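Using the hints provided, position chain V relative to the given structure of chain C.
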Amino acid sequence: MSRIVSRILTTAAVAGLALAPTLALAAPDLGPAERQATNWTAIIMFGVFVVGTLYITKWAAGRTKSASDFYTAGGGITGFQNGLAIAGDYMSAASFLGISAAVMISGYDGLIYSIGFLVGWPIITFLMAERLRNLGKFTFADVAAFRFAQTPVRIFAASGTLVVVAFYLIAQMVGAGQLIKLLFGLDYWIAVVIVGALMMVYVLFGGMTATTWVQIIKACLLLGGASFMALSVLWHYGFSPERLFAAAVQIKTDIAAQGGASPEAARASGLSIMAPGTFIADPISAISFGMALMFGTAGLPHILMRFFTVPSAKEARKSVMWATGWIGYFYLLTFIIGFGAITFVLTNPSFLEPGGGLIGGNNMAAVHLAQAVGGNIFLGFISAVAFATILAVVAGLTLSGASAVSHDIYSTVIKGGKADSASELKVSRITTLTLGVLAVLLGIVFEKQNIAFMVSLAFAVAASANFPVLFLSILWKGTTTLGAVVGGFLGLISSVLLTVLSPAVWEATLGNPTGSAPFPYSSPALFSMTIGFVGIWLVSILDRSRRAQIDRDGFLPQQVRSETGIGASQASSH
Amino acid sequence: MDTSVAARIAANPDYQRLKSTRSSFGWTLTIATLVVYYGFILLVAFGKNLLAIPLGSGVMTLGIPVGIGVIIFTIVVTAIYVRRANSEFDALAEKVRQEVLK
Chain C
1 MSRIVSRILT TAAVAGLALA PTLALAAPDL GPAERQATNW TAIIMFGVFV VGTLYITKWA
61 AGRTKSASDF YTAGGGITGF QNGLAIAGDY MSAASFLGIS AAVMISGYDG LIYSIGFLVG
121 WPIITFLMAE RLRNLGKFTF ADVAAFRFAQ TPVRIFAASG TLVVVAFYLI AQMVGAGQLI
181 KLLFGLDYWI AVVIVGALMM VYVLFGGMTA TTWVQIIKAC LLLGGASFMA LSVLWHYGFS
241 PERLFAAAVQ IKTDIAAQGG ASPEAARASG LSIMAPGTFI ADPISAISFG MALMFGTAGL
301 PHILMRFFTV PSAKEARKSV MWATGWIGYF YLLTFIIGFG AITFVLTNPS FLEPGGGLIG
361 GNNMAAVHLA QAVGGNIFLG FISAVAFATI LAVVAGLTLS GASAVSHDIY STVIKGGKAD
421 SASELKVSRI TTLTLGVLAV LLGIVFEKQN IAFMVSLAFA VAASANFPVL FLSILWKGTT
481 TLGAVVGGFL GLISSVLLTV LSPAVWEATL GNPTGSAPFP YSSPALFSMT IGFVGIWLVS
541 ILDRSRRAQI DRDGFLPQQV RSETGIGASQ ASSH
Chain V
1 MDTSVAARIA ANPDYQRLKS TRSSFGWTLT IATLVVYYGF ILLVAFGKNL LAIPLGSGVM
61 TLGIPVGIGV IIFTIVVTAI YVRRANSEFD ALAEKVRQEV LK
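Residue numbers (full-length UniProt numbering), protein chains in the order written: chain C, 1 to 574; chain V, 1 to 102.
Just chain V, with the same shape it has in the complex:
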């Protein structure tokens, strides 16, 4: 792609919307993932007793749903991004393509 085509695309309002929406969405989810994972690690390091709190009358502890929850969070957050990107972002990218390359 030569620079003039790139500059034309970069000036397109739909492109700018695509870039900023995707960037803020991607970074929000990235930060959420970092907070959840390193929060979990810090909890393991400094809050062992908290995770060992029993739930109910049996042996189940708070740590089990928290740990399983981190795995499920990871899968769900990935799916959320992919769903939005594959519909909204791709449609927007297609629109940019139509507008610029007609």
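Bound-form chain C, shown alone:
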């Protein structure tokens, strides 16, 4: 890493990828990052990753012949592999850089945040994973529309998928561009084009097989790199958490004292990293945000799709167990890494701007720590891993968006379920290309925008639209086509609308004065999820149509199949 001559960055490059600013966490507004000097070690390591993954794509392309291969890798992924791939899909660059930065700044609050991202997994395990596998084939709409009139429910599910994918994808593209300016010293647009082009190659030629392996490799690299950092930090303190925490508290105390605080105030400030601080602005926001994370995880289309890549319900359960284990382990690592950043990075002038603050912004905490514990080579490695992480996530998102268009809209709605595999595959590839180009263009358009809200919006929509429809269609006999569609769209519209009216968009993005947001809470989920659920319930019980009777009668066969797997779609031959 070269000496940085840029001015102090008060903005953090990828904060907006995951950290909702209104939670008073360490998420300054998302602004343009300063381009840094070109980092050749990182670029070469990333080049190795790209060559390796393209080789895998070439191999996967030979196996991607049917629509089933394209969407689900032929259903031949094992539970362990799928667990790693889910972890690779879910652990974004923002989790890694953003949460370790949050821990570095406010300690305990960062832990509270990461717990929210983990607690959706048991819910998926207990209520959804095996039933999804038993009922579905390619997309979550297969499950949501199982016993309903296909056209309206598919249109709803495809809308829910595309809205989630669009916001998540834009956030990832903008994050990639900002991150690469910092880590590799390349121009923003180059980074966005590279991400878009590689992602299109993986998905177009290698479909789900290539996407899965990119995610598995990325998960291994990220878990390996983060383990090395956490172990290095712990090793330095004789593997005593108490000594690590004591050192961090001392450093925070000294920083506060240098800032002019009285000894008592400085000590209090130091100790504040060991307990909850300002994370919870108000309990309503906290609970609402917790609901968005917990139930949003269970409604993310690109995650749900992964359950169709395994051959059986047993493997689906194993997948989610491994995924939960790896993701939980990863959040424990980021907690240690954040404390390591306090003791190794905040004390080392070569990582600090003259006026205080981290070179490149707070989200560079883990990256600077990589250099502190592993030198330039390891710094290059972690930078390359951060870029690879974004690639793996966008590939999964694009595949999920493409299947919503080709499988749900084209094959089921337009062709009435009679499309042949070859033409469906062709439509998926055209959609992949379109989504890739759109993602690059939107990534460039949104470069200077405040997009901090986009990931939390994606989770809110998933929790308020996709999750209620899926949940009630699987578990409640009374759900009807009309109820699912009306309630689902109500959840979708209200979550988007309330997000626009919340401080994160109304004030931070649209530039209205502070305090003027009509919806005062940081997440709409508590309200929009309620609207979604009540909408489905109310419309369903009032629904006296002939279709409603067919929908209710269809519950028993659906339930039997979801519980026993009898009649479930099998893995394809290879």
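Quick caveat, the hints were computed from the structure, so don't treat them as lab data. One thing to keep in mind: the hints can contain errors.
[As the list claims (entries may be wrong)] So the derived label-pair ranges between C-beta atoms look like this:
| id | chain 1 | residue 1 | chain 2 | residue 2 | range |
| --- | --- | --- | --- | --- | --- |
| 1 | C | I493 | V | E94 | 40 to 46 Å |
| 2 | V | L101 | C | F239 | 53 to 59 Å |
| 3 | V | Q98 | C | V193 | 52 to 58 Å |
| 4 | C | L231 | V | V76 | 21 to 27 Å |
| 5 | C | L231 | V | L55 | 21 to 27 Å |
| 6 | C | V534 | V | T3 | 26 to 32 Å |
These figures come from a predicted structure and were not determined experimentally. Glycine included, each C-beta is placed from N, C-alpha and C at the ideal position.
Structure of chain V alone, referenced to chain C:
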């Protein structure tokens, strides 16, 4: 699956046992997870001082083992469900399949 096959399976005692055991087990663990997580969030909102209680003579607070504990709980509770489902529930489902589809 046509409705008559479904009705036959639904009437099978092993199927009914599978459905009710799994449902009560799944919902018990779901409620436990909700209680632990939202209990933790409410503690963060209303019991900050409780979580800041020091443990021992150093800087360690009660909040650290509680927070780490929630992560470990999440992983363990998932593993408990999957172990039971992959042995007991799958065996039961297989039995139903044998009985009905012979």
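Status of the hints after comparison with the structure:
1. The hint said 40 to 46 Å for the Cβ distance between I493(C) and E94(V), and at roughly 44 Å that hint holds.
2. For the pair L101(V) and F239(C), the beta carbons lie near 55 Å from each other, so the given range of 53 to 59 Å is met.
3. Evaluation of the 52 to 58 Å hint for Q98(V) and V193(C) yields a pass: the beta carbon distance comes to about 57 Å.
4. Between L231(C) and V76(V) the Cβ separation comes to about 23 Å, which falls inside the hinted range of 21 to 27 Å.
5. Checked against the hint of 21 to 27 Å, the C-beta distance between L231(C) and L55(V) comes to roughly 24 Å, which is consistent with it.
6. A C-beta distance of roughly 31 Å is found between V534(C) and T3(V), which places it inside the suggested range of 26 to 32 Å.
Of the hints listed earlier, there is not a single one the structure fails to meet.
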